[in-house]
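Generate coordinates for the entire structure from the input sequences, incorporating the hints supplied.
Chains as they are written, first to last, in the numbering used here: chain A, 74 to 411; chain B, 74 to 411.
There's no promise every hint is true.
Copies of the same chain look alike in the list, so a pair counts if it works inside one copy or between any two.
DSS-like, lysine-lysine: derived pairs with alpha carbons at most 30 Å apart [to be verified]: (1) Lys-387 with Lys-170; (2) Lys-244 with Lys-387; (3) Lys-151 with Lys-387; (4) Lys-350 with Lys-170; (5) Lys-120 with Lys-151; (6) Lys-384 with Lys-151; (7) Lys-226 with Lys-170; (8) Lys-151 with Lys-97; (9) Lys-97 with Lys-244; (10) Lys-78 with Lys-384; (11) Lys-224 with Lys-78; (12) Lys-246 with Lys-78; (13) Lys-120 with Lys-246; (14) Lys-151 with Lys-170.
Derived by calculation from the structure, the hints in this document are not laboratory data. It should be emphasised that the depicted structure is a prediction, and the values quoted were computed from it without experimental measurement.
Protein chains: 2
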Amino acid sequence: MMSEKAAANQLIFRPHFKTHQSVKTGEWFREAGVTAITVSSVNMARKFAAAGWTDITIAFPMNIREVEQVSQLAEQVKLNVLFDTHEQVSALASLLKQEAGYFIKIDVGHHRAGILPDDTDSIDRIISAVGSELLNFKGFLTHAGQTYSAKNKDEILGIHRKSAEILNELKQKYINEFPGIITSSGDTPSCSLATDFTGIDEIRPGNFVYYDLMQLQLGSCSFNQIAAVVICPVVSVYPSRNEALIYGGAVHLSKESLNRPDGRRIFGLAVPFIDGKLADADAWLPPEGDDFVVSLSQEHGIISLDSQWSKNLKPGNLVAIIPVHSCLAVDLLGSGDF
Amino acid sequence: MMSEKAAANQLIFRPHFKTHQSVKTGEWFREAGVTAITVSSVNMARKFAAAGWTDITIAFPMNIREVEQVSQLAEQVKLNVLFDTHEQVSALASLLKQEAGYFIKIDVGHHRAGILPDDTDSIDRIISAVGSELLNFKGFLTHAGQTYSAKNKDEILGIHRKSAEILNELKQKYINEFPGIITSSGDTPSCSLATDFTGIDEIRPGNFVYYDLMQLQLGSCSFNQIAAVVICPVVSVYPSRNEALIYGGAVHLSKESLNRPDGRRIFGLAVPFIDGKLADADAWLPPEGDDFVVSLSQEHGIISLDSQWSKNLKPGNLVAIIPVHSCLAVDLLGSGDF
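Quick look at the structure:
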């Protein structure tokens with residue numbers, strides 16, 4: 074779906090591999106025609122370079138402490154790094170032995186990383202610090218992560234449009250001096266919901282590969298697009314408080330939480346799981362009710378028994394937990410190892 | 074300190090190894106005279122059994138799905154399991170080939186796992202479901218985890234006293250029938266702050282081995298008792314918003330958060346770190362100000378630059394992050410592997 078959307082909008086599709094971190098899942102992208110990828114760490118870049126990926130953007134401002142590893146990677150693959158301060162530039166420029174590309178990270182309002190769009194002094198300082206013909210300016214990149222706090226679809230689309238305009242204005246300002254520079258954007262909520270990508274040349278969504286409860290609540294996906302669950306055994310049932318204990322805690326699901334419209338803080342949603350031993354194949358089913366994971370400690374999870382299905386759960390049954398944030402659950406469960 | 078406190082109060086000291094999960098750190102306990110340990114999973118029990126520990130309590134209600142592994146473990150070590158529902162009992166009793174002990178988990182108010190103290194019907198149902206001479210009743214066990222939401226030291230001590238009374242009442246009710254049963258308690262806040270352990274026979278604190286920011290805020294420890302930090306590189310500095318980006322995110326620190334008295338939600342505290350290359354040894358120093366980790370995503374951490382020290386940070390510097398919850402940071406960083 075995302076691949077077709079990118080093609081229909083003439084976008085470069087450079088999916089983020091940090092969600093799955095899996096060589097095998099990566100192959101599914103290759104089958105869909107993907108040749109360029111995004112990762113969030115030098116280690117991840119090395120892993121996918123070893124798995125045969127040759128065009129990699131590390132979408133995390135370059136960590137000066139890893140400059141040697143970055144330089145080595147540039148000798149193996151077509152590598153892009155991110156700069157948002159001139160110190161990063163000089164550290165890499167002096168070491169580089171092979172060509173590498175760099176994007177300037179722009180802060181379009183998420184206020185996590187990047188240079189503010191009006192701060193062209195800092196942008197120019199980066200460009201002029203390069204001083205190496207091996208380091209090529211590729212364009213302006215952002216992650217409009219503020220879409221994750223949006224209240225509705227319109228707000229997400231508004232952030233997306235504004236972010237595209239900001240990047241495109243910067244591109245137009247610099248394109249005469251640097252022909253070929255592009256704009257790169259692509260948080261999962263925007264990429265899932267937007268139909269207009271004017272001003273954007275490349276998208277880098279990641280989470281959409283599995284989606285999760287957070288994306289469902291944001292409206293980025295439907296339930297049947299969610300492709301990752303954590304199967305957990307029911308250990309005990311406490312009818313007096315309509316709760317059950319599952320073996321599934323913070324070390325499996327992460328402590329990422331979601332505030333429900335009614336103010337409750339939740340850590341996942343339990344849905345029925347059909348064991349392959351009982352049926353043709355393993356499967357999870359749509360939610361039966363608000364059977365939320367209401368608290369998590371290191372190994373314990375507590376689910377609130379709201380539906381008729383969950384009220385019938387017995388110790389030893391299996392449930393599927395839709396994680397709040399699939400990226401973190403996948404990282405914790407080592408699902409990237411296959 | 075904890076070992077001496079246990080000895081001074083004639084308590085069995087059975088420290089919880091889930092915080093460090095490390096064979097090497099386990100050896101420090103052995104040097105302090107510890108011979109019995111607590112773990113929170115069957116896998117952890119196997120790991121420490123392989124490392125030569127012979128007296129292990131798995132302080133998580135028994136997961137029926139792991140009953141074969143539990144039974145095998147009972148053939149290797151002196152094993153105690155936890156029951157809080159009769160289904161667990163019959164599943165294990167029918168398989169067991171060697172003696173094992175069981176505690177009945179009591180819910181003294183945390184409402185995570187366990188039987189409510191007044192529910193002697195459920196307690197009796199467990200005892201009568203045993204039906205195997207290999208399964209020995211060891212006593213009543215609790216984790217008064219509600220101390221973590223306490224507002225002050227007095228409230229923690231109140232929870233501790235009440236929890237000790239509840240367990241001791243149950244013990245007195247059953248001791249004629251089962252001579253030798255004990256009471257087992259021991260969340261880190263209670264064990265750190267209490268001086269009176271009347272009614273308690275065994276303590277099982279775990280977190281105190283490293284402590285963390287949560288325990289510091291609760292008053293369970295002083296800053297110089299904290300023994301685990303995550304060293305993170307400063308990647309970028311953003312003077313316009315007095316913030317810096319560190320390479321240290323949810324996959325390193327966990328998304329465990331703490332609400333400060335002023336209402337802010339934080340994910341860690343940055344303190345100066347002295348690199349061993351610059352000094353005699355690696356060291357971290359006391360906080361210079363409210364240099365909190367104010368947001369975390371998968372690999373990104375943002376610290377708020379409050380002190381003079383932090384305002385002088387440059388890309389490439391290292392900072393020490395005191396984690397909110399050391400158990401989860403240690404689990405994520407694989408520190409248990411050594």
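Hint by hint, here is what the structure shows:
In this homomeric assembly, Lys-387 and Lys-170 come within 30 Å of each other (Cα to Cα) only across copies, at 26 Å, whereas the closest approach inside a single copy is 62 Å. Proximity of Lys-244 and Lys-387 under a CA criterion of 30 Å is satisfied inter-copy only: 29 Å between copies versus 59 Å inside one chain copy. With identical chains, the CA atoms of Lys-151 and Lys-387 are at most 30 Å apart between copies only, with a shortest distance of 29 Å across copies and 53 Å within one. Taking the shortest Cα distances, Lys-350 and Lys-170 sit within 30 Å of each other only across copies (27 Å), while inside one copy they are farther apart (55 Å).
In this assembly of identical chains, the alpha carbons of Lys-120 and Lys-151 lie at most 30 Å apart only when taken from the same copy (14 Å versus 43 Å across copies). In this assembly of identical chains, the alpha carbons of Lys-384 and Lys-151 never lie at most 30 Å apart, being 54 Å within a copy and 36 Å across copies at closest. Taking the closest pair of Cα atoms, Lys-226 and Lys-170 never come within 30 Å of each other, the shortest separation being 46 Å inside a single copy and 59 Å across copies. Taking the closest pair of Cα atoms, Lys-151 and Lys-97 come within 30 Å of each other only inside a single copy of the chain (21 Å); across copies the shortest separation is 42 Å, beyond that limit.
Taking the shortest alpha-carbon separations for Lys-97 and Lys-244, neither the intra-copy value of 36 Å nor the inter-copy value of 54 Å comes in at or below 30 Å. In this assembly of identical chains, Lys-78 and Lys-384 lie within 30 Å of each other by CA distance neither inside one copy nor across copies; the values are 42 Å within and 44 Å between. For the identical chains of this complex, Lys-224 and Lys-78 are intra-copy neighbours only, at 24 Å inside a copy versus 52 Å across copies, given an alpha-carbon limit of 30 Å. Proximity of Lys-246 and Lys-78 under a CA criterion of 30 Å is satisfied intra-copy only: 28 Å inside one chain copy versus 69 Å between copies.
In the homo-oligomer, the alpha carbons of Lys-120 and Lys-246 never lie at most 30 Å apart, since the shortest distance is 36 Å inside one protomer and 60 Å across protomers. When the C-alpha separation of Lys-151 and Lys-170 is checked against a cutoff of 30 Å, the pair qualifies only within one copy, where the shortest distance is 13 Å, while the shortest distance between copies is 60 Å.
Consistency note: the structure conflicts with the earlier hints numbered 6, 7, 9, 10, 13.
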